[in-house]
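A.B. asks: Going down the list, the sequences are from chains A and B. When we follow this note's numbering, the leftmost residue of the first sequence carries the number 5, and every step to the right adds one. When we follow this note's numbering, the leftmost residue of the second sequence carries the number 6, and every step to the right adds one.
Simulated from the structure, these hints should not be mistaken for lab results. Built from N, CA and C at the ideal position, the CB exists for glycine as well. Hints should not be assumed to be uniformly reliable.
Interface residues of chain B toward chain A, partial, derived using beta-carbon atoms under 8 Å [what the hints assert, rightly or not]:
hint, residue
1, D43
2, L51
3, Y74
4, F78
5, R80
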Amino acid sequence: MTDVASANAAAAAGPTSSFSMVEEPLDLVRLSLDERIYVKLRGDRELRGRLHAYDQHLNMVLGEVEETITIVDVDEESNTQSVRTVNRKVPMLFVRGDGVILVSPPSRAS
Amino acid sequence: MSEQQQQSATAVAKKTPTDFLNHILGRRVFVRLNSGIDYRGVLACLDGYMNIALEQTEEYVDGELRNRYGDAFIRGNNVLYISTA
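The following block holds chain B by itself, in its conformation from the complex (with noise of 0.2 Å):
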């Protein structure tokens, strides 16, 4: 597939996933851990083991809201999966 083809595909036309990761740094996301937790706020940033820094952090436990961090240290290890808000 072309790299055009490519982008056409996706609005967010990046190549790897790291691509995507460093792409919406700054951004709102949604970080669901293994145990089902989710997390949701600004993506400061995130290392090679997917260790992350939350700001504005809200937890949510079965889809309510639970606690509230000013900022966030996730350990990678926990991460299921990282979308945008």
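Extracted from the complex, chain A is given alone in its bound form (with noise of 0.2 Å):
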């Protein structure tokens, strides 16, 4: 059993468990604070940056964030679709909660 997985069964073992690090799903963003992460949002966007500040609702502020937009092209004359993505670089970012689909923090031994 994975980390999470067993500090979760330990959860559900007694809420006063000391050793449980992961007991609701907004855990995993709070060990991510100062990480970099990677954010998917709606409208086809993935945002990668450090992770400064976040709250109930997955509002975020990021810093140096890179940001990655998927384009889907479509020629009408030969009805084929290219995909494209644009990046941009922004110093600092802040992300409106209501637009996350995905939080990942950066891989772990695991």
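Taking the hints as your guide, dock the two standalone chains into a single complex.
C.D. replies: Below, the structure written as structure tokens:
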């Protein structure tokens, strides 16, 4: 069993278990503070940046952000689709929580 | 319906949706989002908003594997359903 799952089993055993680190999903975000994270947003947008702050809505302040926008172009004459991505860098960014789909911490040894 | 009848009706004899979710903690699950994107992984935990923490997550778009994440937080409002894998 992996770390989080075993911690979760500990959480199920009792709320006072001291070694349970991830008891609720937001703990995953809390453990990623000051780390570089990946955020998947609505509208085919992705962010990679350092997590400075967040709240229960998943509003976030990210630093040193790289935004990747995926655009699908449709050529009406040949009726073909082509996918391209646009990258841009933002030094500091506030993300409104309702646009967030997924947050992934930096990959830990697992 | 008596409790015994309920238990014979399904292997997962739980009374509420939340009981079901607590029952499948730590199991491999399949999560579909409203956008149609699917995630497979081990259900680490979830909360009342249906925010989900998954481990060993695989992301499928149109049935094709697109991404892997060690851990993934999925915001609950995007969730269409959760099933056991």
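A.B. asks: Evaluate each hint against the coordinates.
C.D. replies: Hint check:
The closest approach between the C-beta of D43 of chain B and any C-beta of chain A is roughly 12 Å, which is over the 8 Å cut-off, so the hint fails. Because the closest C-beta pair between L51 of chain B and chain A is about 6 Å apart, less than 8 Å, the hint holds. With 8 Å as the threshold, the beta carbon of Y74 of chain B comes within range of chain A, its nearest partner Cβ sitting at about 4 Å, so the hint holds. Interface hint status for F78 of chain B: upheld, as the beta-carbon distance to the closest one in chain A is roughly 4 Å, under 8 Å.
A hinted interface residue such as R80 of chain B counts as satisfied when its beta carbon comes closer than 8 Å to some beta carbon of chain A; here the least separation is about 5 Å, so the hint holds.
Hint check: a violation occurs at hint 1 only; the rest are consistent with the structure.
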